[in-house]
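Since chain H is already given, all that's left is putting chain G on it; use the hints.
Number of protein chains: 2
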Amino acid sequence: MENIDKKYMRRCLELAEHGRGAVSPNPLVGCVIVKDDKIISENYHRIFGGPHAEALAITNSSESVSGATLYVNLEPCCHENKKTPPCVPSIIMNDIKRVVIANVDPNPEVKGKGIKILKEAGIEVVTGVSEKKGKQLNRFFFKYIKSRMPYVTLKIAKSLDGKINDDIGSQTQITGVEANIFVHQQRSYYDAVMVGANTVGIDNPQLTVRHIEGRDPYRIVLDDELISPVESQIFTDGNQASTWLFTRKDSNPEKINSLKKNGVRVIELQTQYDGLLDLKEVLAILGEENISSLFVEGGQRIFSEFIGQKLFDEIIFLSTPKLFGKGLDAVKLTSTIELELVSLDKLGDDIKSVFRKK
Amino acid sequence: MENIDKKYMRRCLELAEHGRGAVSPNPLVGCVIVKDDKIISENYHRIFGGPHAEALAITNSSESVSGATLYVNLEPCCHENKKTPPCVPSIIMNDIKRVVIANVDPNPEVKGKGIKILKEAGIEVVTGVSEKKGKQLNRFFFKYIKSRMPYVTLKIAKSLDGKINDDIGSQTQITGVEANIFVHQQRSYYDAVMVGANTVGIDNPQLTVRHIEGRDPYRIVLDDELISPVESQIFTDGNQASTWLFTRKDSNPEKINSLKKNGVRVIELQTQYDGLLDLKEVLAILGEENISSLFVEGGQRIFSEFIGQKLFDEIIFLSTPKLFGKGLDAVKLTSTIELELVSLDKLGDDIKSVFRKK
Numbered sequence: 001m002e003n004i005d006k007k008y009m010r011r012c013l014e015l016a017e018h019g020r021g022a023v024s025p026n027p028l029v030g031c032v033i034v035k036d037d038k039i040i041s042e043n044y045h046r047i048f049g050g051p052h053a054e055a056l057a058i059t060n061s062s063e064s065v066s067g068a069t070l071y072v073n074l075e076p077c078c079h080e081n082k083k084t085p086p087c088v089p090s091i092i093m094n095d096i097k098r099v100v101i102a103n104v105d106p107n108p109e110v111k112g113k114g115i116k117i118l119k120e121a122g123i124e125v126v127t128g129v130s131e132k133k134g135k136q137l138n139r140f141f142f143k144y145i146k147s148r149m150p151y152v153t154l155k156i157a158k159s160l161d162g163k164i165n166d167d168i169g170s171q172t173q174i175t176g177v178e179a180n181i182f183v184h185q186q187r188s189y190y191d192a193v194m195v196g197a198n199t200v201g202i203d204n205p206q207l208t209v210r211h212i213e214g215r216d217p218y219r220i221v222l223d224d225e226l227i228s229p230v231e232s233q234i235f236t237d238g239n240q241a242s243t244w245l246f247t248r249k250d251s252n253p254e255k256i257n258s259l260k261k262n263g264v265r266v267i268e269l270q271t272q273y274d275g276l277l278d279l280k281e282v283l284a285i286l287g288e289e290n291i292s293s294l295f296v297e298g299g300q301r302i303f304s305e306f307i308g309q310k311l312f313d314e315i316i317f318l319s320t321p322k323l324f325g326k327g328l329d330a331v332k333l334t335s336t337i338e339l340e341l342v343s344l345d346k347l348g349d350d351i352k353s354v355f356r357k358k
Numbered sequence: 001m002e003n004i005d006k007k008y009m010r011r012c013l014e015l016a017e018h019g020r021g022a023v024s025p026n027p028l029v030g031c032v033i034v035k036d037d038k039i040i041s042e043n044y045h046r047i048f049g050g051p052h053a054e055a056l057a058i059t060n061s062s063e064s065v066s067g068a069t070l071y072v073n074l075e076p077c078c079h080e081n082k083k084t085p086p087c088v089p090s091i092i093m094n095d096i097k098r099v100v101i102a103n104v105d106p107n108p109e110v111k112g113k114g115i116k117i118l119k120e121a122g123i124e125v126v127t128g129v130s131e132k133k134g135k136q137l138n139r140f141f142f143k144y145i146k147s148r149m150p151y152v153t154l155k156i157a158k159s160l161d162g163k164i165n166d167d168i169g170s171q172t173q174i175t176g177v178e179a180n181i182f183v184h185q186q187r188s189y190y191d192a193v194m195v196g197a198n199t200v201g202i203d204n205p206q207l208t209v210r211h212i213e214g215r216d217p218y219r220i221v222l223d224d225e226l227i228s229p230v231e232s233q234i235f236t237d238g239n240q241a242s243t244w245l246f247t248r249k250d251s252n253p254e255k256i257n258s259l260k261k262n263g264v265r266v267i268e269l270q271t272q273y274d275g276l277l278d279l280k281e282v283l284a285i286l287g288e289e290n291i292s293s294l295f296v297e298g299g300q301r302i303f304s305e306f307i308g309q310k311l312f313d314e315i316i317f318l319s320t321p322k323l324f325g326k327g328l329d330a331v332k333l334t335s336t337i338e339l340e341l342v343s344l345d346k347l348g349d350d351i352k353s354v355f356r357k358k
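Protein sequence lines, in the order shown, are assigned to chains H and G.
Counted from 1, the first sequence has number 96 at position 96 by our numbering; the numbering is strictly sequential.
Counted from 1, the second sequence has number 302 at position 302 by our numbering; the numbering is strictly sequential.
If we strip away everything but chain H, and leave its shape as in the complex, we get (with noise of 0.2 Å):
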C-alpha cells in the first residue's frame, strides 16, 4: 500500500511544484484524486487567494468522487477566515472516503484540526507520506508560518577558489548563460531579493527576472550609510515601486527624499552597537510585510552578515570552473560555520552545490 501512496504523492508535489512564485505565501499544494488505482481527477494552488487544489481537483473530476481517495501534500483547512471556503466539508459531502497527506498543516488554525474532523466523519486518514519532500518543497511557508521571518537563500556565485571577483572594487560577471537563467529563475519564487550597498555601486544591478517569464520579486537594499547612488538602475527603472532600502535613521535626509520621491519605499532604523542594521529587525520587518522568502545576492558584507549570525536557511553557491587566486572573498568570519549538502549538479559549465544550515 505505501508504494501506491507515495506513488500518487508524488504527482500532488509535482503539480504543487507549478505554483511556486504565484501563490506565496500561501503554501505549494497538489491534489490527486484516485479511484480504482486510476487519477480520476488532479490539481494545485494556481495563484495567491484562488482555489484551493483540493476544490479544484474534486470540482473538475471527470467522475464522481464519490469512494475516491484524495491525495493532498498539505492537511485540508478548516479554518473560515480566510479567502475560501474550507475543503475539509467538501471532501466530506463528496463522499471521500480515505484521504492521503504528506504534511500536517503547521498554521495553528489548522495543524491537526482537519484531519481530526476527517476521521470523525468516518474517513481513513493517513499523514506523513512523503513527509521529507513535501516540507523541501514549503519549506519557505514552513518556515515562515512558525517564526514569521522569511525563508533565506543566500546566492553566491564564485571562483573555485572562493572568490567573488577577480579585482577587489570591480564588477566580474561570474557564471555562465545556464547559471544565469537559474538565478532569474530563483528570482521569480523567492518574495524578495536583496543587495548590500556595495554591491549597488559597483553592479548597478536591475535584480529583475528578465531571461525566463515570472514575476518580479520585491528589491532590498541595505545600505545603512546610505552610500548608493540615487541613480542606480534598481531606484530609477521605472519598477521603483518595488524597490525597498533600509538605512540608519540618521543617514542623509536629501537623499532619502529623492529616494522616495523616484517611488523608493525608505525604511529607517536604529542602528545596533557597531553602526550595522539589526538583520533580525530586517527580517522581521520583511515578515510582517508577508514577504515568506528571501533570495540575497551579495556581496561580501551582507553574505558575512547573515552567515556569522546564522539568519540564512540555505546557500546556493554557483561556481565557475575558474582560479581567480585574488580578490574579493565570499565571506569573512570569525568562526567557521558547517553546512549540510543538500543537492550538487552541474550547471552549464558551472557547478551548483545547495546547502542547508547544519
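To be clear, the hints were calculated from the coordinates, so they are not data collected in a lab.
Be a bit skeptical, because a hint or two may be false.
Heads up, the list lumps identical chains together, so a pair's fine if it works in one copy or across two of them.
[What the hints assert, rightly or not] Computed cross-link-like contacts, BS3-like style, restricted to lysine-lysine with a CA-CA straight-line distance of at most 27 Å:
1. Lys326 x Lys352
2. Lys255 x Lys346
3. Lys97 x Lys146
4. Lys113 x Lys146
5. Lys346 x Lys133
In this text the structure is predicted, and so the values were computed from the model without any measurement.
Frame of chain H; chain G shown alone:
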C-alpha cells in the same frame, strides 16, 4: 558491430585499471579474447616488467583462440628491446582473425608499426574504439611518453570558500574519513607525492599509504631555502630511502649532510631569477628518474607555482562543507586560470571535483 566492440573494450579498460600503481611507468593494459560473442579469456598487465595483457590472455585461454577477436586498449607491441617478448608475432601465430584497439601506442618504437604488421598478416584491425576513455585511463603514460615529464595532479583540500586552513600557520584537518582514504588510494597510484617546505614544517606529514593496501610513492620535498626541520617524519620515519629533497645549490651544507645521513636524497639546483627552484627543471629530473606521475599535496606556494606556470595536468579539489571565512587561500595568482570539469561526486560529507587544465 560498434556496440559489441565498445562493450568488450569497456571490459578491457576495467581489467587494465587493476594494474594501477603496479605497472608504472608502463601503461595500463587489459585484453579480452572473444569467440562467438563469448569471452574465452581475459587478462591484464599486472606488474612492471611482467608479461603483457595479450600474452597472458592468449596463454591462459580455456579454449583455442584460433579465429577469435582480440580486444586490447593499447596497440600491441612489436619491438624487441624490452623485458618481455613482443605481442604482435604471438597474435599472428595463434591465428587471431580480428584485433580491436582503443589507442595507438604513442611510444615512437611502436606507434602504428604493430598495427601495420598485423594488417600485413591478413588480420582485420579496428582502432579508435573508446579512444577517449583509453586516453583518460592511461593519461599518466601518454603525458610521460610524449613529454618525458610526469603527469602532475594537484590535490587541494579546502573549505567551500577556498581556504586550505582556518588559521594561517596552523594545521587543519580539512576532510573526512572517505576523502582521506581516497587520498591514500591516490598516493598508491602515483609514482611520487610532493609537498613544499611549509607543509613539512606545519603538518609534519608522513605521505605514506596507510588507510588502504598499496605501495608507498616516492616523497618529494621542494625546499629552496632548506627550512624543513631535519627531524620531520618524512626524513626520519624509516622510509628514508624514498624521500628526495630539492633545494638551492647554496643551501646550508651541514643541514644537507644531516639529511643525507638519514638517507634522504638531496638534489641541489641553480635557482631562478627570484630565488625559486625552476619547476620545469624539477619535473624534467623526476622524468629522467622514471617518475611518470606526481601527486602534489600542498601548500599554497607550491599550488600557486604549478598553477601560475600552468605546469599541472589535473586538479582534484576535496571540499569540506564548511565556510572558514579566514585562513590561508588555496592559491595566489596574478591572472585567472580556466579549468575544465572532469567529474563531480560526493565523498562522504565532502565534495570531490576533478578538473583538467583548459
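Here's how the hints hold up against the structure:
no.	hint	result
1	Lys326 x Lys352	both (22 Å within a copy, 23 Å between copies)
2	Lys255 x Lys346	neither (43 Å within a copy, 50 Å between copies)
3	Lys97 x Lys146	neither (31 Å within a copy, 74 Å between copies)
4	Lys113 x Lys146	within (17 Å within a copy, 74 Å between copies)
5	Lys346 x Lys133	both (22 Å within a copy, 21 Å between copies)
Going down the numbered hints, you'll see the structure goes against 2, 3, while the others check out.
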